[in-house]
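Novice: Sequence:
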Amino acid sequence: MPDRRTSTSSRRASAAPPRAPRTLTIDIGGSGLKAALLDARGHVIGDPVRIPTPADRPPDAIVRVLVGLVSPLGVCDRVSVGFPGLVRDGVVQTAPNFDSPAWQGFALADALAQALDRPVRVLNDADLQGLGAISGRGLELVVTLGTGVGTALFLDGRLLPHLELSRHPVHRGKNYDQYLGKAARKRVGKRRWRARVHRVLAILESVINYDTLHIGGGGAKHLGDVAAPRIRLTDNRAALIGGLAVWR
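Residue numbers (numbering that gives the first Met the number 0): 0 to 247.
Zero decoy hints are in this set.
Here are the simulated distance ranges between beta carbons:
# : residue 1 : residue 2 : range
1 : 223       : 160       : 30 to 36 Å
2 : 224       : 73        : 34 to 40 Å
3 : 98        : 204       : 32 to 38 Å
4 : 223       : 44        : 29 to 35 Å
5 : 223       : 118       : 36 to 42 Å
6 : 136       : 19        : 25 to 31 Å
Straight-line Cα separation of at most 25 Å, PhoX-like style, residue types lysine-lysine; simulated pairs:
#  : residue 1 : residue 2
7  : 185       : 173
8  : 220       : 173
9  : 189       : 173
10 : 33        : 220
11 : 189       : 220
12 : 220       : 185
13 : 185       : 33
In short, the hints are calculated from the structure, not lab data. In this text, a Cβ means the ideal position worked out from N, Cα and C, and glycines have one as well.
Sequences are here, hints too, so could you generate the full structure?
Specialist: This is the structure in structure tokens:
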């Protein structure tokens, strides 16, 4: 007669351990839509995917495109999304890089959760990147240079209420997006654009008095060497790590 205790023990030993949660991180940008699947340690599973942001940009169209974009990445357990605008409780309040007025008040987190059948958390894209870049010590400012300009502020690792500093007028009626965005860099050239960036950074330093400034986004590579003890350049991987931090 078989020993039932041995039999039960063997079945338990052979059972596969529960899989750690996988996080799908999506970056919605004015020029590109990007996504990557991460394991519990922040390592990318497979290859990230990227496509240009469609010219037709109402929210329903972007949600449909995102579902198709991430489908080859495999199974995830939760989804983190960075969006270039003011987001509160998963609802888009402003979308300065998208022309459609339908974005205002659009419940992006709910729409993606329904489309992907997974829990979804949506933050401003600079907030998301900041969560992956900060040290967690003191007052840290994050500035992202892309199609527009994103900003996020953290105190001892805690995300402070989001301020859309990019909408603030900085020079002759132009706001940060218009003065430092991708279109401005192409129009005035890299040399003048770098001078503009340093002018704005000096303003932010005097107004915010940060301990550390983190600069990221696609435009950061055009800055060249930034020799300052309190400034850190961060790459796009920070947004991926931020996608994990959202769920901690």
